[in-house]
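Novice: Take a look at the letters that make up each chain.
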Amino acid sequence: MKKRTVALMVCMTFISLWMAASICMAAKADGVLRVGWTQEPRTLNPMGYDTIQGGMIMRSMIYDTLVAYDETLEPAPMLAKSWKVSDDGLVWTFDIVTRAKWHDGRALTSADIAFTYQYILDNEIPNFINYLKGVEKVTAPDPETLELTYTAPIASTLSDLSNIFIVAKHKWENIAGDGAVKYENASPLGSGPFMLEVWKKNDHMTFKVNKDYWRISPSIKQVVFVFFSSPDPMIMSLKQGDIDVIGSELTPVAARALSRDSKIKVVKTPNLYYRHICINCSDFGQGHPALRDARVRRALTMMVDKEYLVKMIHGGFATPGVSLVMDALPFYFNDDIVPYAKDADRAAALLDEAGWQMGKDGVREKDGNALRLKLLVISRWPEEMRAAEMIRQWWKEIGVELTLQSADGGTILAELFPDYKHDMYLWGFSGQPDPNFSLLIYLSSQLQKWNGAGYQNAAYDALFAAQQKAVDPAERQQIIYQMQEIHYRDCPSIVLYYMKAVGAYRSDDLEGFYENTPGGLISFLNRDNFTRLRFK
Amino acid sequence: MNKKNYVLKRIGHSVLTLWLILTLNFFLFRMLPGDPLRLLFTDPRVPLEVLEKMRVQYGLDGSLLHQYGKYLLNTLQGELGMSFVYNMPVSEILVERLINTVILLLPATLLSILLGCLLGIVAAIKRGRASDFICLSLSQLLWATPAFWLGLIFMMLSSGFLPLSGMTSAGMTFDSLWAKGVDLMKHMAMPMCTLSLVMLGQYAIVMRNSLIDVLTEDYMVIARAKGLSHVRQLFSHALPNAVLPVMTLAALNLGLLIGGAIQTETVFTWPGVGRLVFDALLRRDYPVLQGAFLVISSCALLANLLADLFYKLIDPRIEY
Amino acid sequence: MNAQPSILAVNDLTAEFRLGEIYYPALHDLSFEIRQGEIFGLAGESGCGKSTTATAVMNMLPENGRIKAGQAMFEGRNLLTLPEKELRRIWWGKIAMIFQGSLNSLNPVRRVGSQIAEVLVLKGGMNKPQAREKVNELFTLIGIRPDRSRDYPHEFSGGMRQRVMIAMAVCLDPGLVIADECTTALDVMIQAQIVNLLKRLNQTLGLSMIFINHDLALVAEICHRVAIMYAGRFVEMGSVGDVFARPAHPYVRQLVQALPLMEGPVNRLKSIPGSPPRLQETPRGCPFLPRCIDGDDACANQVPPMLPVHPGHYAACFKNKDAHEGNR
Amino acid sequence: MTGVFRLKVFPILKQINKKGMAGMIILAVLVILAVLAPVIAPGDPREMAGVDEIMLPPGWDHWLGTDEVGRDILTLVLYGTRISLLVGFSCAAISIFIGSVIGLAAGYFGGRVDDLLMRLTDLFVVIPRLPLVLITVAVLGPSLVNTIFVIGMLIWAGTARIIRVQTMSIKKRLFVERARSLGAGHLHIIRRHILPNVMPLVFANTVLVIATSIYLESTVSFLGLGDPTHISWGMILHYAFVSVALTYGAYWYVIPPGVMIVLTVLSFTMCGYALDEVLNPRLRRRK
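Heads up: the protein sequence lines correspond to chains A, B, C and D, in order. My numbering applies: residue 1 is where the first sequence begins, and numbers increase by one. My numbering applies: residue 1001 is where the second sequence begins, and numbers increase by one. My numbering applies: residue 2001 is where the third sequence begins, and numbers increase by one. My numbering applies: residue 3001 is where the fourth sequence begins, and numbers increase by one.
In case anyone wonders, no lab produced these hints; they're calculated from the structure. Every residue gets a Cβ at the ideal spot worked out from N, C-alpha and C, and that includes glycine.
Some, not all, of what chain B presents toward chain D, calculated at C-beta under 8 angstroms: (1) L1016; (2) I1258; (3) G1259.
Calculated cross-link-like contacts (lysine-lysine; reagent style PhoX-like; alpha-carbon spacing at most 20 angstroms): (4) K3018(D) x K1126(B); (5) K182(A) x K201(A); (6) K1126(B) x K3019(D).
Let the sequences and hints guide you as you build the complete structure.
Specialist: Right, here's the structure in full:
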């Protein structure tokens, strides 16, 4: 009897609490920016390994780098006020600022930077080791000077260094090198404009402003990243005003839905990101033999109407892909290349020429081998399955039968390595502000690594080596133009479209965003947005 | 067989089942296509030597049997490995998430049992009449409704006046603990309703059938013959008996509840175990999946065992 | 015996049960009376309507049953027309019941003591300590240690549970106790204990009782008067001596013949070929006709009423007169 | 295996309650819709319209509106029926087969075999279903065949238990003893005596298993582990969720597939219970 009464009372209390809840409201504190985010980082340990691009912005809030990018993705000073390079391109000398301070008040000197680089080199930190390739010696002759000595000139040095976060020597010298990757770094010690306050995993991450930041002082007091698993609740929360900004993850439909709202501004920026169909052209793999013939690949490329796909699937939120360097890097993007127009006759002629004759059942064949291909489509993006469906129909016109298979990243990688069992796969590719990385993925030396196409071309490899050493930008531009032409002729991949970063913010509340920098509103490439924006 | 033996036997079976779960858990994740480490370090820039170093760190070296032994040993010591995604021990993540999940599931379960029983009682008392038909149909309808869909519908309906995601309003300041509680309650309202409603149907049906059985028992005739009022007959004599199967069901339903939690937590972005599983699935965080699966299964196993023992001990009609 | 006033008088009791949409008669025109201090037996095959009679008399038929006609006069009031609110005062306070499945008659999740105390408090107007006192007293009466009143039903043996049930039945000193198959499923020794307890209570408390049982031997042993039922009707009624020594109805005759002469093992009623009619089929004539050895056309056209065989001895058979005389 | 299906269809149909009948009629309609989808659907599920036809609310051209790439939702839902029913039936076939074999073996042979098989069954009863299905599908990779296979492989435990109990009770009956004494082999006894008696229960159980499978598949698909090349109802809802239909207020995108799931699961359940009531002697008394 008594127990029942207690239970009843508990229930009643609960219900009344809940009803009271719908009346009470909580107040939003001033100067708190709430960012909707789906790509929760793995770790805030700068040495820790993170595939998720989303984590870069958070680290860049805590940590500074030696150099940064400006709005046009050109190297700009940060911890280094200025720099010079020796005539042979082997020795770089950086002047380090004197005002920089760690969050604990200690001064940041060139010794910290040298320590960071040395630590990476000594412990082969996977995150950064490639950015210090060719570094022979790191020295800090005095607190305001840093010297890097390379074994060979590297054109992308500044861009590379802008990716490495500088850690405090007095903290990290106590962390054993072999544990660095797994180090949890629960309370990161940095020198950046923000400090980590709370990270409730899977829920939110709060940063408070570093009032003593040596560069500029942000006007916002706090940044909260609210983590979502799926876009819809996030976007509805923006509409409701539960969050203030969504960085760069809007789909065209969402952007349409939001642009109807007068309180919200939708922002489209270029992005260092494209989606492509990577074709297995390796002669050692188990892919379809026809794909080893560049003519067949060109015919297939011709039969993809990228304009149409962009219109159908990505609205105005992408541009048709042309070359393997994104159009967000206008200096290196070869705009002389004219994309193939969709032309079934020419494509058919190419296939005929390659010896693939139309068979009775409408599928081309050669030596009893039918031109039946399989495309693995990454399962994360349903819209790409639809793109693939359209491609399947276009290719059917020229007698190529395509089957589609949805696969997650792991499955694709398992097909890829080490045997190159696939025919082709549709995936995304994220570039960097330097074209180096975009070019690297078709090098023979990248087989079993980045080179998913299994593409091998000595001329291409030689050009790559040449551009890497070309410290003169104009010269480098010319070499990179040539490389794009080779890719255009050989078609180891079909670059489908360059995606735009689409974000949105509450324009009734916020102002001061830089809206043209590639990468979106909230991005590593655009990290000064946090110090720049303010509440109305 | 006496009680003690029965209990021992039942516990023995559960231990055996636990071992099977552990084994299943281990080999399930070894069925993955490709190298698990490749999945972790999808960036092929990582040098192979580094990869091998990582392999040792994540316990992925050595023969399968060796790994299995190590896995069993570690698990028994409560070590569930390191998350691929978050650089922290799986057990730590799980503890935090479990608390959040319990915060959501406990009231939802209580509510669903309460409402389900009410519905079941009404149906049983009005057996064969229109209200019975309505209650029963409603219960079956709710039972057939997927939690995720109901969640979507609720989300569509509640947008504008209730927060749609998370457990707390991030970036808000609260004057008092009370305001904080209120905030939690508002976040909880929709996921809790969703879960309660989809669970409710089952309880209603079981309650109805159980109560109908009880009402025809001799002691209910005696209770009536004793001249007790209807209310007293129901609450004092029928319900204590009829509620037993419902309680057992509640314990056995733990597994189902977790399934519901995965769906609702995903839809409403609730930071619990369910969403952890979902996120881990998307990001292929296998250590977390493995750990979460083990914990979930063990909880279900324990609930199952307790329900069984509780039921058999309390109900004299069951023979051993 | 005749001098005792009657405590319950039942006239023309007819009851029906609903199966699907249709009501089928289950009890036909039952008339009998129970006298003060008397043990009245009701016997017959299972399904013949004994238990239904008991519940119908108390006006507590299950939901799908209803009383069609008749009266059950108890203390000057007709139980069959009283509203349930009024009936509750009579139930247990004046008329109590003991059931067959004693395990199921006691609520399995409540302590036995509290089940008795519940009645004492709610209907006997006692407070809790008084009720506890009374429970102890009753337990002593039925020969169980009073401290066991805190146990649960399943902790008792079958016989003990039945005794607890009896204690519960008599706790408010009712005028009448209906004992429905209260010895079934108990072994012979325990049966004897129970029967002795009932006899003792009958003698010491002057308890009237309806003793429903399919075991004729037991009925013969404990009852003063007895009625034998077949297919929802009385086929014979009279004093135990009359009915068992001089059965007038062919059905009863066969039953009695099947009884062992000496007191022996329990004899179950299963030796008569054929089976009683189902509830759904109501024959126009004598329901026993298909199994009767000396029925004729007259029996097929009309249901035989209860005809007096002898003062206080009635049988529902057109052929009974001779039988009675012959047995003299 | 002739003689196994000694179910007399018409007497059973006569005994089925009204709800069961309603369920059967709905199911019949669903099956017809699934079979005739290409004929009655107003469009092609793969056909996508231009940007100006996306997310259209219901209207004359598109009775249930369009999705985010301009496909007709009515068409998608109709084709979804095919996949969902296919999944339901295939999963049930696998699970019933496994469940029957294990249940029969455990019940018939008893002893050690029974002990062993029942521990295995316990395992699958205890383990929460959805996480296991999700994880296994994730491990094997998302494809329709995998989904069917996994669901079928993981939900047989209930069936096995029911069949075991029934087999044991039949085995106890005399005629099996007699048949065995005549020197019949185990297979013969199982086929001639046990299967025909177990089959009705299996049948009723199958219907319930189908409901469970459809429910599970829709959840798996919704959570993004389905096969994007095959449109099931769960998949449509998944697309709706990731294409932010809720923000758009596209109720026409969210409601129809869900209603179909509920309707299908509900009608299978009602049929299952109704059949169970008729075929399972244990349940008859509750009527």
